[in-house]
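Participant: Chains as they are written, first to last, in our numbering: chain A, 1 to 367; chain B, 1 to 325; chain C, 1 to 298.
Hints are computed from structural coordinates only; laboratory data are not their basis.
Be aware that a few hints might be false.
Label pairs and their in silico Cβ distance ranges [claimed, not checked]:
#1 F188/C - I80/A: 50 to 58 Å
#2 A120/A - V110/C: 40 to 48 Å
#3 F168/B - K82/A: 55 to 63 Å
#4 P274/A - R181/C: 37 to 45 Å
#5 S345/A - T201/C: 41 to 49 Å
#6 G33/C - V17/B: 43 to 51 Å
#7 M121/A - K232/B: 53 to 61 Å
#8 F188/C - L187/B: 50 to 58 Å
#9 K232/B - R181/C: 53 to 61 Å
#10 R228/A - R136/B: 51 to 59 Å
#11 F188/C - A97/A: 41 to 49 Å
#12 L240/B - D185/A: 51 to 59 Å
#13 A144/B - I320/A: 34 to 42 Å
Under the rule of at most 27 Å between Cα atoms (straight-line distance), these lysine-lysine pairs were calculated in the DSS-like manner [said to hold, decoys possible]:
#14 K7/B - K125/A
#15 K7/B - K277/A
#16 K232/B - K113/A
#17 K76/A - K232/B
#18 K19/A - K205/C
#19 K76/A - K237/A
#20 K277/A - K237/A
#21 K19/A - K125/A
#22 K277/A - K135/A
#23 K159/A - K236/B
#24 K186/C - K205/C
#25 K113/A - K19/A
#26 K76/A - K113/A
#27 K159/A - K232/B
#28 K135/A - K82/A
#29 K125/A - K76/A
#30 K232/B - K125/A
#31 K135/A - K125/A
#32 K236/B - K161/A
#33 K113/A - K205/C
#34 K125/A - K82/A
#35 K7/B - K236/B
#36 K205/C - K135/A
#37 K125/A - K161/A
#38 K306/A - K7/B
#39 K7/B - K113/A
Note that beta-carbon positions come from the ideal geometry of N, C-alpha and C, so glycine has one too.
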Amino acid sequence: MSVPPLLNIENLKTYFYSKGRQAFIRSVDDVSFEIRRGETLGVVGESGSGKSVMALSVMGLVGAAPGVVAGRIGLKTDDIRKNLLQDLDDYVERVEADGRVVEVRKDVVGWQKNVERLMAMVRGKTVAMIFQNPKSSLNPFLSVGRQITEAIRLHTPCKGKAESRERALYWLERVRMDSPRLRYDNYPRALSGGMCQRAMVAMVLSCEPSFLIADEPTTGLDATIQSRIADLLAELKADLGVTTMLISHDIGIIRRLSDSVAVMYGGMVVEYGPAGKVLAAGPESGHPYTAALLASVPDERNIRGKEPLQAIPGDVPDTIHVPNGCRFYGRCVRVTAAVDKECASLLPPLSEITPGHAVRCWLYEGS
Amino acid sequence: MNLKGVKPVARVLAREVAVTAFLLLGVSAVVFGILYLAPGDPFSLLLEGQTSAGAPGQGVREALGVPKAWHVQYLSWLAGMFRGNFGASIRTGLPVLEEISRVGLNTLLLTLGSMAVTLLVAVPIALYAAVRGVNRVSFPLTMAAYVVSSLPVFWFGYVVIYLFLHTFGLFPVASGGSQGTNRLYLLLPIVVLGLGNGTLSEVIRHLREEMGRVLSEDYVRTARAKGASVWKHAFKEGFLIPVTEIVASKIPFILGGAVIVEQVFNWPGMGRMAWQAAQDRDFPVIMGIAVLAAVFVRAGSLLQRFVYIAVNPGASRETVERRAA
Amino acid sequence: MRKRYIQAPGRSDEASGLRFLRKADAVDLFFVGYGLLIVVLVAASYAAGVFRLLPYDPEAVNLGLMLAPPGTAGHLLGTDFMGRDLLSRLILGIQAYFLPGLLAVAVAIVPGAALGVLAGYGAGRADRVITWFSNLVDSFPRLVLILLVVAAFKPDIYFIMVVVGLTNVPATVSLVKVKIRFLREKNFIEAAEGLGLPRRTIVLKHILWHHCRASLIIRATLGMGEAILMETSLSYLGFGVQEPTPSWGNMVQSGANYFLQGNFWPSTVPALAILLSILGFHLLGDGLNNLLERKAVH
């Protein structure tokens with residue numbers, strides 16, 4: 001591991017609170033992983049697994065309360081070395097029972113101010129993010145060009161009007177936007193979803209950030225456009241090599257763009273490792289959830305052979321009433337008598353089965 | 001009317017002006033209709049007043065001759081108004097327009113000043129509540145706004161006057177108090193109307209809801225994520241448009257409140273003149289004031305539409321109509 | 001300042017009734033409670049006034065006890081400038097706005113809902129015409145329009161309240177129209193028509209009763225509040241109810257001169273009554289709105 005980690009997330013916990021049920025919604029429940037420079041980490045999981053919340057936690061954009069309650073997010077680039085959750089413990093007190101947080105006391109307002117201070121020189125400049133729903137993510141009252149040049153003027157030495165315009169146009173071309181000069185003056189409502197996403201990509205990359213978070217960049221777009229955007233991202237990855245965290249529930253795009261993959265379930269990372277290894281999970285290897293997820297994606301053979309789709313039995317995990325044991329226990333089809341008791345009552349740790357490849361499953365413990 | 005060649009924005013603006021003109025026509029029809037249906041023949045009095053107030057002489061008088069068909073009467077009244085002839089006050093005999101313009105400025109001052117006061121109080125509370133939510137600061141303020149909005153402004157005025165007298169010890173103007181206290185006294189009706197026009201809690205609520213909604217929009221999140229100024233991005237949809245919307249929609253209430261406040265403070269304005277006219281059944285005056293008040297309301301509404309169109313890129317007919325509902 | 005979040009131990013789903021209470025803002029319940037209290041008080045006092053169950057004769061002049069502060073000699077709220085008991089006059093004053101207010105509300109809601117249905121359900125042209133009329137009515141400041149009507153007809157309070165109600169029609173129209181548009185977007189209406197339901201049933205039962213009922217009730221409470229404000233403002237200005245018949249507005253007016261001399265109560269007692277009543281209707285409407293409407297939308 002000669003390449004240093006650019007982003008190092010340690011034991012991140014982001015909770016929300018339901019007043020009606022008087023309970024915590026444990027969206028991100030003790031997540032740790034790292035991303036190395038130049039690498040693309042794909043984060044896979046169903047809706048509700050905590051992927052997006054985790055990304056928002058990194059950016060300091062978690063809105064609801066209490067939000068981030070524990071953890072450390074280390075960012076290390078050429079210019080910056082900081083903990084994005086610095087002094088969190090000055091603002092939060094946690095009370096635990098049975099290894100689980102049952103009470104939180106947090107100075108929400110104070111912490112938000114602290115985050116703004118910490119992230120002031122980071123957002124947009126060092127760490128950038130693109131979102132799902134590109135059409136609604138652009139300001140409908142400003143032209144596309146204005147929004148791009150705004151970012152350019154904020155984060156690059158390029159301050160002049162003409163200069164920043166040139167730069168914006170350059171990037172619009174780079175993201176293969178058709179008629180860049182026309183689109184520069186267009187408003188978002190005149191652009192399609194795919195074009196808006198290209199504009200977003202241009203907006204973030206024009207500031208040459210060290211780290212990019214792409215949260216479901218293709219979800220919500222038409223199927224054909226999805227593959228085009230994936231093409232674009234692949235091309236930019238080859239050209240620029242920006243360290244990326246790619247979040248998606250679309251295995252196809254993850255497979256295409258990721259160097260490493262982290263699989264999330266119920267707010268936790270259940271498998272982590274090189275893309276080749278993780279995405280090769282089968283009925284005998286890898287985490288049972290990963291294997292089931294991969295099996296549920298229909299491939300040519302299924303479709304031609306008209307085989308039934310393999311759904312994962314059971315329901316999406318409840319992040320409020322969190323079980324004591326493995327979170328996937330209720331839906332796991334690979335439980336054996338030997339590990340059944342542990343799976344039901346104890347949470348397995350995330351441990352390496354081969355160097356660089358870790359799984360959170362009792363089936364692999366004690367080997 | 002085919003305006004294909006004209007720029008879309010200009011077309012939309014022209015349409016707005018046309019709609020307003022059409023509405024004002026309706027206003028005149030309503031005002032006329034009320035008077036026409038009134039017992040006794042107030043209308044001939046009105047028309048005679050119009051003719052004696054500087055219109056061309058004998059020929060018109062003869063042409064008029066009472067009673068005439070209602071559409072003729074309406075049209076001649078309307079024509080008179082376009083020429084600036086609103087008839088003559090039954091009480092004073094002076095031309096109505098002249099009378100009204102003498103005092104109209106005072107009411108305008110009062111109205112605009114009180115709008116400013118309302119906004120001065122409502123905006124900080126609304127913005128604070130939008131950003132911080134319900135907490136031990138915003139909650140009591142919102143509650144206080146409810147109470148203030150339910151205060152009868154005619155009583156509130158006396159309270160304020162009383163407090164003023166007791167702080168300064170004497171009745172300004174009358175006993176020649178200092179310039180300072182006199183000027184301060186002039187501010188009183190503005191403050192009273194600004195706080196007491198009954199719209200405070202609604203204004204706060206509207207501004208708070210709109211800003212709160214916009215702050216949670218995706219595009220504001222993007223602005224945050226790129227390190228841009230949230231206020232700059234949220235300003236148009238979260239502040240400018242809601243403020244102009246709510247102000248335009250509350251103008252009628254403020255004008256109504258002005259009638260009462262002018263009574264309490266004996267403020268020489270259109271409101272007090274309207275009250276006097278209602279008492280005396282001085283039709284030309286009250287009709288003129290009604291029409292002018294409606295013109296003011298529609299002007300405010302038109303201005304708000306202009307702001308909306310200016311702020312909205314390529315606002316199509318569809319967007320403008322949708323916002324109207 | 002730290003906020004506390006506690007995970008309640010072993011919570012399980014409780015009966016939905018209690019759940020609703022916990023979710024519902026205590027504030028909104030307080031609003032509704034206070035509002036209902038006011039409604040009951042007003043209605044009861046109205047009844048008392050009708051049956052003349054008053055502590056004193058509201059017109060009994062007592063020059064020996066003018067401008068007495070509250071609590072003097074059995075006068076719970078004091079006396080006015082002619083020594084008349086304020087409490088009795090206050091109770092009687094409710095008659096000035098109670099029935100007329102109900103009339104205003106009825107005039108605002110019934111034609112308003114009908115026109116709203118026409119505008120929302122019918123052809124685009126009906127919508128445009130009705131919108132134009134709504135904007136027309138909205139162009140007049142209510143008080144100015146009423147002064148015009150007063151000048152023309154010298155009407156009684158019921159006539160005036162009809163006019164007040166008419167000026168509130170646009171609000172009801174827009175309310176119903178928005179609801180219908182919402183239902184259309186959800187394909188609710190299409191589905192109902194597809195099922196072969198007669199139009200009258202769709203409109204009366206489904207649209208108005210089930211979907212608009214809450215909003216209309218809320219509109220009615222707010223309308224009543226506005227009616228009270230209108231009536232009291234008018235009687236303050238000298239129109240409407242005339243001396244010696246009491247109305248809260250003319251009571252404030254007659255006490256006004258004495259106010260500046262330090263005799264607060266004759267003006268303040270009715271003013272506070274106005275404040276508390278309008279506040280009650282206002283809060284009732286807003287509280288119901290938050291409880292019923294916000295929940296439904298989500």
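Participant: Would you mind marking each hint as holding or not holding in the structure?
Facilitator: Tested hints:
1. Checked against the hint of 50 to 58 Å, the pair F188/C and I80/A passes, with Cβ atoms roughly 54 Å apart.
2. At about 58 Å, the CB distance of A120/A to V110/C disagrees with the hint of 40 to 48 Å.
3. A hinted range of 55 to 63 Å holds for the C-beta pair F168/B and K82/A, which are about 59 Å apart.
4. For P274/A and R181/C, the Cβ-Cβ distance of about 53 Å falls outside the hinted range of 37 to 45 Å, so the restraint is violated.
5. The hint said 41 to 49 Å for the Cβ distance between S345/A and T201/C, and at roughly 57 Å that hint is violated.
6. Separated by about 49 Å at the C-beta atoms, G33/C and V17/B satisfy the suggested range of 43 to 51 Å.
7. For the pair M121/A and K232/B, the beta carbons lie near 18 Å from each other, so the given range of 53 to 61 Å is not met.
8. Between F188/C and L187/B the Cβ separation comes to about 53 Å, which falls inside the hinted range of 50 to 58 Å.
9. A beta carbon spacing of about 33 Å between K232/B and R181/C contradicts the range 53 to 61 Å that was offered as a hint.
10. A hinted range of 51 to 59 Å for the beta carbons of R228/A and R136/B is consistent with their spacing of about 52 Å.
11. Checking the proposed 41 to 49 Å range against F188/C and A97/A shows it holds: the Cβ atoms sit about 48 Å from each other.
12. Roughly 22 Å separates the CB atoms of L240/B and D185/A, a value that falls outside the hinted 51 to 59 Å.
13. The hint said 34 to 42 Å for the Cβ distance between A144/B and I320/A, and at roughly 37 Å that hint holds.
14. Proximity of K7/B to K125/A is assessed by CA-CA distance (about 40 Å); at most 27 Å being required, the pair is judged violated.
15. Restraint check for K7/B and K277/A: not satisfied, since their Cα atoms lie roughly 60 Å apart, outside the 27 Å limit.
16. Proposed proximity of K232/B and K113/A is supported: the alpha carbons are some 19 Å apart, at most 27 Å.
17. Distance hint between K76/A and K232/B is unfulfilled; the C-alpha atoms sit about 31 Å from each other, more than 27 Å.
18. Taking the CA atoms of K19/A and K205/C, the gap is near 35 Å; set against the 27 Å cutoff, the hint is violated.
19. A distance of roughly 20 Å separates the Cα atoms of K76/A and K237/A; the hinted pair therefore holds under the 27 Å criterion.
20. For the given pair, K277/A sits about 21 Å from K237/A by alpha-carbon distance, which is consistent with the 27 Å threshold.
21. At most 27 Å may separate the alpha-carbon atoms for a hinted pair to count; K19/A and K125/A exceed this at roughly 37 Å.
22. Between K277/A and K135/A the CA atoms are separated by roughly 35 Å; this puts the pair beyond 27 Å, and the hint is violated.
23. Restraint check for K159/A and K236/B: the C-alpha separation of about 24 Å stays at or below 27 Å, so the hint holds.
24. The suggested pairing of K186/C with K205/C holds, with an alpha-carbon distance near 17 Å, which does not exceed 27 Å.
25. Pair hint K113/A plus K19/A holds up; C-alpha atoms about 24 Å apart against a cutoff of 27 Å.
26. Pair hint K76/A plus K113/A holds up; C-alpha atoms about 22 Å apart against a cutoff of 27 Å.
27. The suggested pairing of K159/A with K232/B holds, with an alpha-carbon distance near 18 Å, which does not exceed 27 Å.
28. For the hint linking K135/A to K82/A, the alpha-carbon distance of about 33 Å lies beyond 27 Å, and the restraint is violated.
29. Distance check on the hinted pair: K125/A and K76/A sit about 14 Å apart at the alpha-carbon level, within 27 Å; holds.
30. With a C-alpha separation of about 19 Å, the suggested pair K232/B and K125/A falls inside the 27 Å cut-off, and the hint holds.
31. Only pairs whose Cα atoms come within 27 Å are accepted, and K135/A paired with K125/A is accepted, the gap being roughly 22 Å.
32. With a C-alpha separation of about 22 Å, the suggested pairing of K236/B with K161/A holds against the 27 Å cut-off.
33. The straight-line distance between the Cα atoms of K113/A and K205/C is roughly 52 Å, outside the 27 Å bound, and the hint therefore fails.
34. In summary, the hint linking K125/A to K82/A is supported, as the alpha carbons are separated by about 14 Å, within the 27 Å threshold.
35. A C-alpha spacing of about 23 Å is found between K7/B and K236/B, which places the hinted pair at or below 27 Å, so the restraint holds.
36. Between K205/C and K135/A the CA atoms are separated by roughly 39 Å; this puts the pair beyond 27 Å, and the hint is violated.
37. For a cut-off of 27 Å, the pair hint linking K125/A to K161/A stands: about 19 Å separates their Cα positions.
38. Taken as a hint, the K306/A and K7/B pair is broken in the structure, with Cα atoms around 57 Å apart against an allowance of 27 Å.
39. This hinted pair does not check out: K7/B and K113/A have alpha carbons roughly 46 Å apart, beyond 27 Å.
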